[in-house]
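**Student:** In case you want the letters, here they are:
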Amino acid sequence: QSALTQPASVSGSPGQSITISCTGTSSDIGGYNYVSWYQQHPGKAPKLMIYEVSNRPSGVSNRFSGSKSGNTASLSISGLQAEDEADYYCSSYTSSSTRVFGTGTKVTVL
Amino acid sequence: QVHLVQSGTEVKKPGKTGASVKVSCKASGYTFTDYGISWLRQAPGQGLEWMGWISTYSGNTIYAQKLQGRVTMTTDTSTSTAYMEVRSLSSDDTAVYYCARDVNYKFDSWGQGTLVTVSS
Numbered sequence: 575q576s577a578l579t580q581p582a583s584v585s586g587s588p589g590q591s592i593t594i595s596c597t598g599t600s601s602d603i604g605g606y607n608y609v610s611w612y613q614q615h616p617g618k619a620p621k622l623m624i625y626e627v628s629n630r631p632s633g634v635s636n637r638f639s640g641s642k643s644g645n646t647a648s649l650s651i652s653g654l655q656a657e658d659e660a661d662y663y664c665s666s667y668t669s670s671s672t673r674v675f676g677t678g679t680k681v682t683v684l
Numbered sequence: 002q003v004h005l006v007q008s009g010t011e012v013k014k015p016g017k018t019g020a021s022v023k024v025s026c027k028a029s030g031y032t033f034t035d036y037g038i039s040w041l042r043q044a045p046g047q048g049l050e051w052m053g054w055i056s057t058y059s060g061n062t063i064y065a066q067k068l069q070g071r072v073t074m075t076t077d078t079s080t081s082t083a084y085m086e087v088r089s090l091s092s093d094d095t096a097v098y099y100c101a102r103d104v105n106y107k108f109d110s111w112g113q114g115t116l117v118t119v120s121s
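Chains as they are written, first to last, in the working numbering: chain F, 575 to 684; chain S, 2 to 121.
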C-alpha cells in the first residue's frame with residue numbers, strides 16, 4: 575500500500591486561507607468516506623482535526639474544513655493563525671481493511 | 002476523559018538473534034472493549050506509518066503488509082492494556098511508536114508516544 579500524496583509544504587500569511595491536497599486511489603480515498611486529517615506540532619502526538627471527509631471533532635476550530643472529490647481529499651484552513659503552523663497528515667481506510675497515511679505537509683505561517 | 006498512557010523509552014541492539022521490543026498502552030476513561038486500538042510509528046524526521054489494528058473485543062488483528070510476520074499485537078482486557086511487539090529489530094525500526102484509539106477508522110485519542118532506538 576503506497577502512501578497518499580501530499581505537497582511537502584504550504585505557506586500563507588496570517589489571516590489568509592490555504593488548502594492542502596491528499597491524493598490516493600479508488601482503493602482508498604476514492605472508495606470510502608473514511609478520510610481523516612491530523613495536526614502534529616513538533617515533539618507532540620498527532621491530533622485529529624477532521625474525520626469522515628468533512629466532520630470536525632468537538633473543540634476543533636471551524637476554521638478547519640475538509641472535502642473530497644474523486645481520489646483527492648483536501649483540508650482547508652481559513653483565517654490562518656500562528657498556532658496553525660505544524661505538520662498535517664491525511665489518512666484513509668483502504669480496500670484491504672488497512673489504513674494509509676499521506677506523506678505529510680508542513681504548514682508555515684509567514 | 003479518554004487517556005492512553007504508553008510505556009517508556011527503549012534502547013535495543015540490532016542484529017542480535019531474537020532482538021525484540023514490546024510496548025504497552027494502558028487505556029482509561031472509556032470501556033476498553035468498545036473500540037479497537039491501532040499502532041503507528043514515526044521514524045526521525047519522517048511521516049506517520051500505520052502498523053496495524055487490534056479488536057479489543059475479539060482479539061482479531063490486521064497488520065500492515067510490510068510488518069507481517071514481525072509484529073504481534075495483543076490485549077489484556079483485565080487491565081485495559083494493549084501491547085505491540087516487534088521482532089528482529091534493525092536500525093530501520095528506530096522510531097516513536099504510538100497507540101491510538103481507532104473509532105470507525107479515525108484515530109481520535111493518542112498515547113504520548115514511546116521512543117524506541119535500535120543502535121549498536
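One or more of the hints may lead you astray.
[Said to hold, decoys possible] Heads up, simulated PhoX-like pairs for lysine-lysine below, C-alpha to C-alpha not over 25 angstroms straight-line:
{"#": "1", "chain 1": "F", "residue 1": "Lys642", "chain 2": "S", "residue 2": "Lys13"}
{"#": "2", "chain 1": "F", "residue 1": "Lys680", "chain 2": "S", "residue 2": "Lys27"}
{"#": "3", "chain 1": "F", "residue 1": "Lys642", "chain 2": "F", "residue 2": "Lys621"}
{"#": "4", "chain 1": "F", "residue 1": "Lys621", "chain 2": "S", "residue 2": "Lys27"}
Think of the hints as simulated: they come from the structure by calculation, not from any bench.
**Student:** Decide, hint by hint, whether the structure agrees.
**Tutor:** Hints, one by one, checked against the model:
1. Lys642/F x Lys13/S: Violated, at roughly 42 angstroms.
2. Lys680/F x Lys27/S: Violated, because 31 angstroms separates the two Cα atoms, which is more than 25 angstroms.
3. Lys642/F x Lys621/F: holds (20 angstroms)
4. Lys621/F x Lys27/S: Answer holds: lysine 621/F to lysine 27/S is near 19 angstroms, not above 25 angstroms.
The structure shown violates the earlier hints numbered 1, 2.
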